[in-house]
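Colleague: First to last, the protein sequences are chains A and V.
Going by the numbering used here, the first sequence opens with residue 1, and the numbers climb by one from there.
Going by the numbering used here, the second sequence opens with residue 1, and the numbers climb by one from there.
Be aware that a few hints might be false.
So the derived label-pair ranges between C-beta atoms look like this [what the hints assert, rightly or not]: (1) A:Gly-161 to V:Thr-137: 48 to 56 angstroms; (2) V:Arg-233 to A:Thr-136: 29 to 37 angstroms; (3) A:Thr-347 to V:Ile-378: 56 to 64 angstroms; (4) V:Ser-178 to A:Gly-91: 54 to 62 angstroms; (5) A:Thr-136 to V:Gln-344: 52 to 60 angstroms; (6) V:Arg-233 to A:Pro-106: 15 to 23 angstroms; (7) V:His-152 to A:Pro-53: 27 to 35 angstroms; (8) V:Phe-267 to A:Pro-140: 49 to 57 angstroms; (9) A:Ala-133 to V:Ala-242: 32 to 40 angstroms; (10) A:Arg-349 to V:Gly-299: 48 to 56 angstroms.
Derived lysine-lysine pairs resembling DSS-like cross-links, with alpha carbons at most 27 angstroms apart [to be verified]: (11) V:Lys-102 to V:Lys-77; (12) V:Lys-114 to A:Lys-230; (13) V:Lys-333 to V:Lys-96; (14) V:Lys-77 to V:Lys-236; (15) A:Lys-131 to A:Lys-80; (16) A:Lys-16 to A:Lys-376; (17) V:Lys-102 to A:Lys-61; (18) V:Lys-215 to V:Lys-236; (19) V:Lys-77 to V:Lys-215; (20) A:Lys-61 to V:Lys-236; (21) A:Lys-230 to A:Lys-61; (22) V:Lys-114 to V:Lys-215; (23) A:Lys-44 to V:Lys-236; (24) A:Lys-163 to V:Lys-236; (25) A:Lys-239 to A:Lys-44; (26) V:Lys-83 to A:Lys-44; (27) A:Lys-131 to A:Lys-162; (28) V:Lys-83 to V:Lys-102; (29) A:Lys-134 to A:Lys-163; (30) V:Lys-10 to V:Lys-292; (31) V:Lys-83 to V:Lys-215; (32) V:Lys-236 to V:Lys-70; (33) A:Lys-239 to V:Lys-333; (34) A:Lys-162 to V:Lys-236; (35) A:Lys-239 to V:Lys-114; (36) A:Lys-239 to A:Lys-80; (37) A:Lys-80 to A:Lys-44.
The hints are simulated quantities; they were obtained by calculation from the structure and are not laboratory data.
All residues carry an ideal CB built from backbone N, CA and C; glycine is no exception.
The residues making up each chain are set out below.
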Amino acid sequence: MTIPLAYNLRNLVVRKTTTIMTALGIALTVAVLLSILALVNGLKATLETSSDPLHVIVLRKGAESELTSIFERPQFQDLKFKPGIAAGRDGQPLVSLEVISVISLPNIDGNNANVTLRGMSPAGLEMRHVKIAKGTWFKPGLRQVVAGKSVADRYPDAALGKKIRFGRGDWQIVGVFDAARGSQDSEVWGDVNEMAADLNRPDTLSSATVQATDPVAAQALLNDINNDQKLELHAVSEKEYYDQQTAQAAPIEYTGIFVALIMAVGSAFAAMNTMYAMVARRAREIGTLRVLGFSRFSILSSFFVEAVLLSALGGLLGCLLVMPLNGLTTAVGNANFSELAFDFRVTPRIMMVGIFFAVALGSAGGFFPAYSAARKEILTALREV
Amino acid sequence: MLRYLPLIVKNCWRNRRRTVLTVASIAISMCLMGVVAAMYQAFYLSKPEDSEASRLVTRNRISLTVSLPKGYLQRIKAVPGVKEAMMSNWFGGTYKDARDPKNQFARFLVEPEKLFVVYPEFRIPDDQRRAFEKERTACVIGRDLATQFGFHVGDRIPITGDIFPGDYEFTVRGIFDSPRDSHLMYMNREYPEQAQSEARRGFVGMYYMLIDDPKDSTRIAGAIDDMFRNADRQTKTESESAFLVGFLSLLGNVKMFMIAIAAAVMFTVLLVSANTMAMSVRERRREVGVLKTLGYSSGIVLGLILGEACSISMLGGVIGYSISMVLMMGMLKSPFGGFLPGLQLFQPLVLLTCVLVAGAIGLLSSLVPAMGASRASIVEALRSTD
Numbered sequence: 001m002t003i004p005l006a007y008n009l010r011n012l013v014v015r016k017t018t019t020i021m022t023a024l025g026i027a028l029t030v031a032v033l034l035s036i037l038a039l040v041n042g043l044k045a046t047l048e049t050s051s052d053p054l055h056v057i058v059l060r061k062g063a064e065s066e067l068t069s070i071f072e073r074p075q076f077q078d079l080k081f082k083p084g085i086a087a088g089r090d091g092q093p094l095v096s097l098e099v100i101s102v103i104s105l106p107n108i109d110g111n112n113a114n115v116t117l118r119g120m121s122p123a124g125l126e127m128r129h130v131k132i133a134k135g136t137w138f139k140p141g142l143r144q145v146v147a148g149k150s151v152a153d154r155y156p157d158a159a160l161g162k163k164i165r166f167g168r169g170d171w172q173i174v175g176v177f178d179a180a181r182g183s184q185d186s187e188v189w190g191d192v193n194e195m196a197a198d199l200n201r202p203d204t205l206s207s208a209t210v211q212a213t214d215p216v217a218a219q220a221l222l223n224d225i226n227n228d229q230k231l232e233l234h235a236v237s238e239k240e241y242y243d244q245q246t247a248q249a250a251p252i253e254y255t256g257i258f259v260a261l262i263m264a265v266g267s268a269f270a271a272m273n274t275m276y277a278m279v280a281r282r283a284r285e286i287g288t289l290r291v292l293g294f295s296r297f298s299i300l301s302s303f304f305v306e307a308v309l310l311s312a313l314g315g316l317l318g319c320l321l322v323m324p325l326n327g328l329t330t331a332v333g334n335a336n337f338s339e340l341a342f343d344f345r346v347t348p349r350i351m352m353v354g355i356f357f358a359v360a361l362g363s364a365g366g367f368f369p370a371y372s373a374a375r376k377e378i379l380t381a382l383r384e385v
Numbered sequence: 001m002l003r004y005l006p007l008i009v010k011n012c013w014r015n016r017r018r019t020v021l022t023v024a025s026i027a028i029s030m031c032l033m034g035v036v037a038a039m040y041q042a043f044y045l046s047k048p049e050d051s052e053a054s055r056l057v058t059r060n061r062i063s064l065t066v067s068l069p070k071g072y073l074q075r076i077k078a079v080p081g082v083k084e085a086m087m088s089n090w091f092g093g094t095y096k097d098a099r100d101p102k103n104q105f106a107r108f109l110v111e112p113e114k115l116f117v118v119y120p121e122f123r124i125p126d127d128q129r130r131a132f133e134k135e136r137t138a139c140v141i142g143r144d145l146a147t148q149f150g151f152h153v154g155d156r157i158p159i160t161g162d163i164f165p166g167d168y169e170f171t172v173r174g175i176f177d178s179p180r181d182s183h184l185m186y187m188n189r190e191y192p193e194q195a196q197s198e199a200r201r202g203f204v205g206m207y208y209m210l211i212d213d214p215k216d217s218t219r220i221a222g223a224i225d226d227m228f229r230n231a232d233r234q235t236k237t238e239s240e241s242a243f244l245v246g247f248l249s250l251l252g253n254v255k256m257f258m259i260a261i262a263a264a265v266m267f268t269v270l271l272v273s274a275n276t277m278a279m280s281v282r283e284r285r286r287e288v289g290v291l292k293t294l295g296y297s298s299g300i301v302l303g304l305i306l307g308e309a310c311s312i313s314m315l316g317g318v319i320g321y322s323i324s325m326v327l328m329m330g331m332l333k334s335p336f337g338g339f340l341p342g343l344q345l346f347q348p349l350v351l352l353t354c355v356l357v358a359g360a361i362g363l364l365s366s367l368v369p370a371m372g373a374s375r376a377s378i379v380e381a382l383r384s385t386d
């Protein structure tokens, strides 16, 4: 015979102050965990939307990021005529020669942060899935650049119509583009030749991006470039390149999980405390239940279920607490040594993780009190005040 | 007040299990608080050690990744108050497989004869120092790095360059000891530079300076930046510790992150403590009635309960601080330790913060139940059965 669940539910309602305080404690622990998971989740989502399966990034051998890579024009000429490269609207191969640099600009938090500058060939613009949100695209020869949406939003100096200063002078921001929250949104784009000349590196550029005709051709192209001894280049698929950057989130993820775990131990102790008090205060009730014929096991499971209910409530509250975070923009550093903006993403999946986490810590904190409740002798329990 | 202390202690001890659980719960939360407070202090409040405060770093104003010309060296050195200036570059490159994070230790190109002048706190035997200065392909490594990989003097370390393209092999000519984390490798800048084309030589990533008096650092930094204000490449000069903290911003908004954690922890502790105190006071209403019958005033009863809550939570604070010291010891030993300038194991200010915060939490959390209990009339309190 089991004790009805309603008994536990009513008890939680009757002692609502205690219930709410304990549940809130658990909720905060869950909220800390969930906010970190939402952050990492958002970063991963941004990096995932950044890559196209047909794109291949070509760097110098030994270079780990576009920023530390060096790419020379003769190499570009050789690369351009590799088989498997898709053709653009003008019939030319879709290969973009790019120059990467960073500049430091004050962001809305008032700190100076680095922004990636990317100069690209016309093909580069054609192969990327971005659209202009405000203004126009840059026109070669006019010292014009366009800013990604996140850059325009996060850096007051890089808004539409403003001028930013790098290289030999000012550059006009003539447009804002939208890359659907991909990492491109955290970049400023311009014409490769003009930017390279201004940055004093007309012949030593950074990298090339290639669009293959299909996924098989992309793989073949990767092998072809990596095996070409003469080229001294190293090709990675865009997906792999951005996947590697997710490793960037590892320290944040570990710190967050570590903090949440420590807080969980603290909350488990607190839950234990509450449950022990509940058991002590309901000694007579327990005695009565035993007299009525409920077994020790049903007492144990009843109190255990109550602890689980309490912590599940905490988990739910925790989910509610992090909901406002969803969609909030923040930024971390990326492989190019500059800021990458992304949104917190609170998904149903991580909410499930949060509730599960809460229930786990509630079970840890609820078992011993439930056990002590079950062990009470009927007579002593009835006699307790 | 002091003569009531034994009574407070006795009260704490009457429900041992609850007290232990409460102290444990508070201690664990406060240990996080301790770590966060110590890191916050190290990053944003600490006065750098003398050796760090008397070192300045000049880099390109646009960004760390844009270089400065070699020609700035003599002009920087000529600024009054600058004892020595050294050209340095972040070498980057790859040792074995870069995907393994342990292979990603810091590598810098420096001027060998100046390294140990600018870093007087590095300890190295004189013969090793001279050997490093004499040989173009030599390098010196920190003790931590040597221990991690088992490198010895005379070993060769192969590195593939990216910023400085090419394959290099550096011979370890010395191992130095540093008071901080030393997963570091310093190489002679001549060697990789000779391997570059003419157009790519002569660029300097950073100038490290040792100055005569740390008090002059603001003036000297200003003087250097003013000197190059109208130059082709403008500079930004700051103290080495500010320069290092700048790297942290690459991890995101660290300051916000720390404050958010501290706030969440504090609020959780407040809830835990309030909950326990409410339970404890409720159980004791009758006892309060007895105390009052014996002539204890409402004020004393209030003081007793507040005192009990404060002692429990302050005990939790002290224990939590001790745990945080152990945690920090582990962090300083980790490779991440190099990015924690000025993080010290024992900081009186942090201990004070922990204890005071814990005390305040104890006070706050017990205020409501204590007021209720102390205000209740004797008859009412004696009649209470819960």
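Colleague: Hinted pair, alpha-carbon criterion (27 angstroms max): V:Lys-77, V:Lys-236. Please report holds or violated.
Modeller: Holds, at roughly 16 angstroms.
Colleague: Would the pair V:Lys-102 and A:Lys-61 pass a check requiring their Cα atoms to be no farther apart than 27 angstroms?
Modeller: holds (21 angstroms)
Colleague: CA of A:Lys-162 to CA of V:Lys-236, is that 27 angstroms or under?
Modeller: holds (23 angstroms)
Colleague: Would the pair A:Lys-61 and V:Lys-236 pass a check requiring their Cα atoms to be no farther apart than 27 angstroms?
Modeller: Violated, because 32 angstroms separates the two Cα atoms, which is more than 27 angstroms.
Colleague: Measure nothing beyond the straight line between the CA atoms of V:Lys-10 and V:Lys-292; if it is 27 angstroms or shorter, mark the hint as holding.
Modeller: holds (18 angstroms)
Colleague: Using the C-beta atoms of A:Thr-347 and V:Ile-378, is the stated range 56 to 64 angstroms upheld?
Modeller: holds (57 angstroms)
Colleague: Does the Cβ distance between V:Arg-233 and A:Thr-136 fall inside 29 to 37 angstroms?
Modeller: Given a distance of about 32 angstroms, which is inside 29 to 37 angstroms, the answer is holds.
Colleague: Hey, A:Lys-239 versus V:Lys-333, does the alpha-carbon distance stay inside 27 angstroms?
Modeller: Since the Cα atoms of A:Lys-239 and V:Lys-333 sit roughly 35 angstroms apart, the hinted pair is violated (cutoff 27 angstroms).
Colleague: Does A:Lys-61 sit within 27 angstroms of A:Lys-230, going by the straight-line distance between their CA atoms?
Modeller: holds (11 angstroms)
Colleague: Would you check the hint for A:Lys-239 and A:Lys-44, treating anything up to 27 angstroms between C-alpha atoms as holding?
Modeller: Roughly 12 angstroms between the alpha carbons, so the hint for A:Lys-239 and A:Lys-44 holds.
Colleague: So does V:Arg-233 sit 15 to 23 angstroms from A:Pro-106, Cβ to Cβ?
Modeller: Roughly 20 angstroms apart at Cβ, these two residues keep to the hinted range, so it holds.
Colleague: Taking only the CA atoms, is the gap from A:Lys-131 to A:Lys-80 under or equal to 27 angstroms?
Modeller: holds (25 angstroms)
Consistency with the previously given hints fails for numbers 7, 11, 12, 20, 23, 26, 28, 33, 35 and 37, ordered from lowest to highest.
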